[in-house]
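**Q** Same order as they appear, the protein sequences are chains B and A.
Residue numbers for the first sequence follow the working numbering, so the first one is 7 and each next one is one higher.
Residue numbers for the second sequence follow the working numbering, so the first one is 172 and each next one is one higher.
Derived by calculation from the structure, the hints in this document are not laboratory data.
If you anchor each label on the Cβ, the simulated ranges turn out as follows:
(1) P80(B) / T180(A): 21 to 29 Å
(2) E177(A) / I133(B): 54 to 62 Å
(3) N255(A) / P65(B): 21 to 29 Å
(4) E183(A) / S110(B): 42 to 50 Å
(5) I133(B) / E182(A): 49 to 57 Å
Glycine included, C-beta positions come from ideal geometry on N, C-alpha and C.
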Amino acid sequence: MNQPDHSIFREWLNLEVDGQLPDERRARLEDHLSSCQECQDERRDLLRVHRILERGRLPVRADFRQSVLAALPPTGWEARHPRAWRFPAAVLVLLGGAAVGLLSVAHSAAGGGGRGGSAILGALLAIGGLFRATLLAGFGLLNASWKGFGLVAGDLFASPLTIGAFGLLVVCLNLLLFSLLRRKRPVAAEASRRTPGNGSRLG
Amino acid sequence: MTRGTEQPTDEELVAAVLSGDRDRFGDLIDRYQGRLVNYLFRLLRNADDAHDMAQEVFVKVYQVLDRYDPQYKFSTWLFRVAQNAAIDQIRRRRLKLVSLHQEDPEGESRDWDLPAPERGPYGELRNRERGDAIQEAIDGLPWEYRELILMRHTAELAYEEIARLKGMPLGTVKNKLFRGRQMLKEKLRDFVGE
Numbered sequence: 007m008n009q010p011d012h013s014i015f016r017e018w019l020n021l022e023v024d025g026q027l028p029d030e031r032r033a034r035l036e037d038h039l040s041s042c043q044e045c046q047d048e049r050r051d052l053l054r055v056h057r058i059l060e061r062g063r064l065p066v067r068a069d070f071r072q073s074v075l076a077a078l079p080p081t082g083w084e085a086r087h088p089r090a091w092r093f094p095a096a097v098l099v100l101l102g103g104a105a106v107g108l109l110s111v112a113h114s115a116a117g118g119g120g121r122g123g124s125a126i127l128g129a130l131l132a133i134g135g136l137f138r139a140t141l142l143a144g145f146g147l148l149n150a151s152w153k154g155f156g157l158v159a160g161d162l163f164a165s166p167l168t169i170g171a172f173g174l175l176v177v178c179l180n181l182l183l184f185s186l187l188r189r190k191r192p193v194a195a196e197a198s199r200r201t202p203g204n205g206s207r208l209g
Numbered sequence: 172m173t174r175g176t177e178q179p180t181d182e183e184l185v186a187a188v189l190s191g192d193r194d195r196f197g198d199l200i201d202r203y204q205g206r207l208v209n210y211l212f213r214l215l216r217n218a219d220d221a222h223d224m225a226q227e228v229f230v231k232v233y234q235v236l237d238r239y240d241p242q243y244k245f246s247t248w249l250f251r252v253a254q255n256a257a258i259d260q261i262r263r264r265r266l267k268l269v270s271l272h273q274e275d276p277e278g279e280s281r282d283w284d285l286p287a288p289e290r291g292p293y294g295e296l297r298n299r300e301r302g303d304a305i306q307e308a309i310d311g312l313p314w315e316y317r318e319l320i321l322m323r324h325t326a327e328l329a330y331e332e333i334a335r336l337k338g339m340p341l342g343t344v345k346n347k348l349f350r351g352r353q354m355l356k357e358k359l360r361d362f363v364g365e
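Same shape as in the complex, but just chain A (with noise of 0.2 Å):
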């Protein structure tokens, strides 16, 4: 187990939760709700959704709890659940991950907010073109390459847990995430020079 100041790993917090400590479940949901929200938002591009569908997933998780097999890591698990629920979703509402404020079938045009850190009338502006560019930028880029860029820049899973939840080799993760940033580059190229 740890000790003093040390923060436990998740193995510890799920037996910990196993063992009776419901709250301890409180703990990993602290540790993980930001990565698995911002995931599922870039991924189904709705803030409600997503955090709907992230209270979905870690409900699901708690009630298989017993099954989780600590010889790999809790993270890889809980996306692997939350890449599986959002590929469901998308599919039933047969969202389509193309640019923004494109119209969908029905005539509906939909516009996608992000946060805006920067104040003033001008910086909400350059925010608001920020945020629609990032996720326009992610939105173009293929299928293969979106996903791993969403694991490892917003859900912050190393390479070697991409790797296991895609089930690739460790190489191509490189190489695809190597791709996938050249052509982030190349989409967000009036961002990178400021």
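Looking at chain B on its own, in the form it has when it is part of the complex (with noise of 0.2 Å):
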């Protein structure tokens, strides 16, 4: 057997090996194979290359499904899906079946007619008054906020030395920062200079 057909066979074996040889060259190899001692050494070799990789495997831990399903965060395509929106649409639906029924219930016993109508309209009124006192409650501490933040403001530069001290805790504050940055500083260059750059290869 000449040298270049043992090296056809070899990477015939390593294909074979990987179930991708060609059911043709398969018969060829085996009938190759029942010949040439070299050639069976080598597939018994490889198929012991592959044992050793095998047998080399790291166990995962028993915990692993569970510790990557609990981190799986809410994502955007979930909050998308008509299945995320089902519960809240079931939610309405049942808010406003028990409206219906508290407001059917409130016209039979107000015996209809008239009564009933204005006993619809007062519930809404009720509403529309609950939505009036919030807006009005919150403007009149928005405003409580401005006036307190005025006041604050016209102490402060009623007078040329408080004018200065706050100016001068202004100076303060940014040497503070100013001194933070400096020894934040060489940390990041040290840092900087261990990583390799975009273009190193690995291995």
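Grab the two chains, each in its own frame, and use the hints to assemble them into the complex.
**A** So this is what it looks like as structure tokens:
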């Protein structure tokens, strides 16, 4: 058997152990193997390399699956999915149904007709009043905040002494910030020196 | 869809997850966790890092699962994400893929253990030696062969998947795997003869 044939059969052996060799070639390989001890040894060694690589596998932690599932965050596509809207939609329908039911009960208790209509109007006006009260409370709070801020600013800029003290405070805070930035710079420089460039090859 | 006891395909599981069945993602984890953790372990050479990164990869894939294109294999996509994450990590940490027991620039000697299926003190020692030898042999391969060997033997990707993932012709993948195995065989000569 000449050398080039052996090299071809060795390539075929690699494909064979991976199940990638076509049937026609496999038949030719088997035919060759029956009379070539060297290629039989090659096949045996190749299968042993496969087994060695199989044996050196790291077992996965028992809780790995659970830890991954627990770490899955809510995603954008989940929120867009119709199933995500089922629960809120069901709650809305339920609330609507309950409201209709309550109004019907109120209507029948009032004896129907004009009195029932005025009860519904009264309920709507009450809800409107609730919204109005909430808005007024919000505006009041905002107004009070602005007034408070105005008082503080008025006191602060009332005399040159307070203005000076305020200026000094600002300067001190800036100096503190500057010193912190200067302290962090050598660490950043060290880190960038340690990081290999993007073009660095692995291995 | 699948019938009877037939296992659902990856694409069917992804479709089920996307339609709101979050538990089916657990089936995908079951299917790939062993290969993914071991693939990352061979690249990062640290069991904790491999587990942490495998978790990150699964989470990353889940977050963009709606962008998965079923015309490609899920495993190709998963291992592409894993490979990119591992390479980023290696670059960040300046982890050098050199021989075992070699001191790093800080002067620390690192040792890498593999599981020991053989029992008893001699079996433990033999397994440790074998585990070290396997890692050393893999680390000793040039990167272009090493990554293909890991994709084939550890990630168990098909030739076509490797070719797609690496953007190589199929013939080049076959050739590199052949050469890589020949190198491995030489490096593991002592253990191949067992």
